[in-house]
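What follows is the residue order along each chain.
Number of protein chains: 2
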Amino acid sequence: MKAVGLVVEYNPFHNGHGFHLKKSKIAADAEIVIAVMSGPFLQRGEPSLISKWARAEMALKAGVDLVFELPYSFAAQKAEIFARGAIMTLEALQCDSFCFGSENGQIEPFLRTYLLLEEHRDHYNELIKEHMKKGYSYPKAASLAFSALSAGNDTLDLSKPNNILGIEYVQAALSNHFAIKPLTIGRIKADYHDTQLTATPIASATAIRKSIFENGESAGGIQGYVPESTISIMKEYVLQYKHLHNWELYWPLLKFRIISASAPELRQIYEIEEGIEHRLQDAAGQSQNFHEFMTAIKTKRYTWTRLQRMCAHILVNTTKAEMIPLQKHPSYIRLLGMSRSGREYLRTVKRKLPLPIVSRLSAFHSKAIKPDIRASRVYALGLPEPYQSRLMKREFEAPFVLEI
Amino acid sequence: MKAVGLVVEYNPFHNGHGFHLKKSKIAADAEIVIAVMSGPFLQRGEPSLISKWARAEMALKAGVDLVFELPYSFAAQKAEIFARGAIMTLEALQCDSFCFGSENGQIEPFLRTYLLLEEHRDHYNELIKEHMKKGYSYPKAASLAFSALSAGNDTLDLSKPNNILGIEYVQAALSNHFAIKPLTIGRIKADYHDTQLTATPIASATAIRKSIFENGESAGGIQGYVPESTISIMKEYVLQYKHLHNWELYWPLLKFRIISASAPELRQIYEIEEGIEHRLQDAAGQSQNFHEFMTAIKTKRYTWTRLQRMCAHILVNTTKAEMIPLQKHPSYIRLLGMSRSGREYLRTVKRKLPLPIVSRLSAFHSKAIKPDIRASRVYALGLPEPYQSRLMKREFEAPFVLEI
Numbered sequence: 001m002k003a004v005g006l007v008v009e010y011n012p013f014h015n016g017h018g019f020h021l022k023k024s025k026i027a028a029d030a031e032i033v034i035a036v037m038s039g040p041f042l043q044r045g046e047p048s049l050i051s052k053w054a055r056a057e058m059a060l061k062a063g064v065d066l067v068f069e070l071p072y073s074f075a076a077q078k079a080e081i082f083a084r085g086a087i088m089t090l091e092a093l094q095c096d097s098f099c100f101g102s103e104n105g106q107i108e109p110f111l112r113t114y115l116l117l118e119e120h121r122d123h124y125n126e127l128i129k130e131h132m133k134k135g136y137s138y139p140k141a142a143s144l145a146f147s148a149l150s151a152g153n154d155t156l157d158l159s160k161p162n163n164i165l166g167i168e169y170v171q172a173a174l175s176n177h178f179a180i181k182p183l184t185i186g187r188i189k190a191d192y193h194d195t196q197l198t199a200t201p202i203a204s205a206t207a208i209r210k211s212i213f214e215n216g217e218s219a220g221g222i223q224g225y226v227p228e229s230t231i232s233i234m235k236e237y238v239l240q241y242k243h244l245h246n247w248e249l250y251w252p253l254l255k256f257r258i259i260s261a262s263a264p265e266l267r268q269i270y271e272i273e274e275g276i277e278h279r280l281q282d283a284a285g286q287s288q289n290f291h292e293f294m295t296a297i298k299t300k301r302y303t304w305t306r307l308q309r310m311c312a313h314i315l316v317n318t319t320k321a322e323m324i325p326l327q328k329h330p331s332y333i334r335l336l337g338m339s340r341s342g343r344e345y346l347r348t349v350k351r352k353l354p355l356p357i358v359s360r361l362s363a364f365h366s367k368a369i370k371p372d373i374r375a376s377r378v379y380a381l382g383l384p385e386p387y388q389s390r391l392m393k394r395e396f397e398a399p400f401v402l403e404i
Numbered sequence: 001m002k003a004v005g006l007v008v009e010y011n012p013f014h015n016g017h018g019f020h021l022k023k024s025k026i027a028a029d030a031e032i033v034i035a036v037m038s039g040p041f042l043q044r045g046e047p048s049l050i051s052k053w054a055r056a057e058m059a060l061k062a063g064v065d066l067v068f069e070l071p072y073s074f075a076a077q078k079a080e081i082f083a084r085g086a087i088m089t090l091e092a093l094q095c096d097s098f099c100f101g102s103e104n105g106q107i108e109p110f111l112r113t114y115l116l117l118e119e120h121r122d123h124y125n126e127l128i129k130e131h132m133k134k135g136y137s138y139p140k141a142a143s144l145a146f147s148a149l150s151a152g153n154d155t156l157d158l159s160k161p162n163n164i165l166g167i168e169y170v171q172a173a174l175s176n177h178f179a180i181k182p183l184t185i186g187r188i189k190a191d192y193h194d195t196q197l198t199a200t201p202i203a204s205a206t207a208i209r210k211s212i213f214e215n216g217e218s219a220g221g222i223q224g225y226v227p228e229s230t231i232s233i234m235k236e237y238v239l240q241y242k243h244l245h246n247w248e249l250y251w252p253l254l255k256f257r258i259i260s261a262s263a264p265e266l267r268q269i270y271e272i273e274e275g276i277e278h279r280l281q282d283a284a285g286q287s288q289n290f291h292e293f294m295t296a297i298k299t300k301r302y303t304w305t306r307l308q309r310m311c312a313h314i315l316v317n318t319t320k321a322e323m324i325p326l327q328k329h330p331s332y333i334r335l336l337g338m339s340r341s342g343r344e345y346l347r348t349v350k351r352k353l354p355l356p357i358v359s360r361l362s363a364f365h366s367k368a369i370k371p372d373i374r375a376s377r378v379y380a381l382g383l384p385e386p387y388q389s390r391l392m393k394r395e396f397e398a399p400f401v402l403e404i
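Note that the protein sequences, when read in sequence, are chains V and F. Here our numbering is used: the first residue of the first sequence is 1, the next is one more, and so on. Here our numbering is used: the first residue of the second sequence is 1, the next is one more, and so on.
This is chain V alone, in the form it adopts within the complex (with noise of 0.2 Å):
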């Protein structure tokens, strides 16, 4: 059985991500198609509006045959970090293939850039450096170091996000030298950072969660952007637990570690650097909600993603000790829903995975797996009771794995 494998996130899944996912398998001509999603916090640092599970069971629903969670360790991450948890995690899974969606729908490009990048990788990195010491944030520097590389060269515009994600996945394949194929589709309407709902049955995720919130959590301005399946989940998580997740909910938890840690408690969480901890306590006093602190704590230098990235650490209690050592590769495979299908086929590959696959999050023993532990817990500490303990229940006890 040949598979594909999908990097998503499903916040939440729309027709857009219904176009990649048929178009990927024709492509890839797959029988299975199998997503690596990341959990409660997303690579761009939110918490996701639903939980893990409804997102799971949207994915199943519109055809995906098996879904596991990308480690918390390599979810809230910069696109380098990210792409290679969830490629390796593909690969170990055997899939003959990954699929991504891009601007023009042509691999070639991302080929070219990638050994473009390899055979200039200290200049590359050089001028990176140059252009932060400017003040310009990662993604900003990585954009024109690479601009002036490329010069003259048909390769990618990595100013588009989805472009970087590409590359960085591009990359991990091929620097590895694993045997999965790397495959993009082109992407059809809606920019990453649309925010508007247009006319057409595609819209950017960002649009969607916003017509939602505006909407006042009702899911009912997005009809027609996304399948019934979706909207029909989403209505059941509102009725379940009777809120949508954003940073909001979580802001009072925030705050209070925020102001009662230490300086030198905060600096040791992943990725607060620079004394920006200072920043951060000084901003948290003053702030009465999460915008206003974000608002407060964004300069040139750091990028929102970034920032909010930082507050999912501080949130999650991740520490530098703890999350580097397991960014070099994933440790285990966190099964969270499968079809028919795809049970069979990982009946077919079982002996052939080099990594455990974990389906009960407490069963599995493992250092690597605490800082997933307590993600989940703190994302159902956002909502208030009896709804907190009704997901922690769905994390912590049977049924462990979606089954449709």
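It should be emphasised that the hints constitute simulated quantities derived from the structure, not laboratory data.
Note that identical chains are pooled: a pair holds if it fits in a single copy or bridges any two copies.
SDA-like, lysine to any residue: derived pairs with alpha carbons at most 20 Å apart: (1) LYS320 x GLN268; (2) LYS210 x PHE290; (3) LYS320 x ALA79; (4) LYS78 x SER175; (5) LYS393 x SER287; (6) LYS367 x PRO264; (7) LYS320 x GLU265.
Given the structure of chain V, go ahead and fit chain F onto it with the hints provided.
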């Protein structure tokens, strides 16, 4: 001007406190009454019902001339350390005497008991150790040890909490050879542990707090047991902040911290000993509120009070490394409020004071005051916005001292 010192909590101020205040002034033949009062967290490890500002106002309205805050590092502590901090503060303030309430109002049994304990200190400590090995809590073991030691002597009943505090006050004064003179007056009615309001106009603070919470925080049921000023100040507090503080308000923050901290981090917290951090982490995950949590962790060895203090230290994030050096003696005196005569007194003694008077928390740059700053901030964090910011403002913005 002759001054008498009182050690108080006023949570809230009631007729029993009024009686103690008037009788102490007479017994000491004093013109000035100075109160040293615990701040946001009390000796028994609870957050105070209303802020220290409201409690200081109650004190001033009832005739206290100067109100000082007992630092957090002495306030949320066992009797010995609490008494040490309080009596050292009153001695530093040049009080002629201090006066505490006791069962029979005679100072001689306290003096005799102090001498007996001094004489047999080693044997006494050995007896305590033996009883603790049997699994008794420290207060119970101390009371048993003392009974054995004092058999046949006319000493104190050290199973009474007020007598325990009294003997610690006397010991703090005498063992340090202080000039301050110990006095006591008899308490009338109302047992320390009474939980019911009675027909007399004196009721325990416990019974009054219980009535306040049972009457929907309206302060209505306590009329007759507290002065008019207590009722109006409490009504104003509820108008301003919409809440009366109790542990349940802080439960989401406490749970978050216990769950997200690592066991070694919890072990650094003051008073976290003997592996209790694991017990706390297990129970926190299972509990939906503070009472449930406390019931789950309570054992014969750990009194409710001691466990509450542990919770306060976790919340305020006070570590052993930070707290232990602060317990020998206070290094500043924090002024909360004064009457006209109080100000006059302060002027006359100012040059003789061995410790700095602090009227603005954030203007006094000392490590010693950091736990107080955190305790005040964390105390405010129990309230939702906008009450939280309003209370924070009261603490960190002018006026810094109440004057009546």
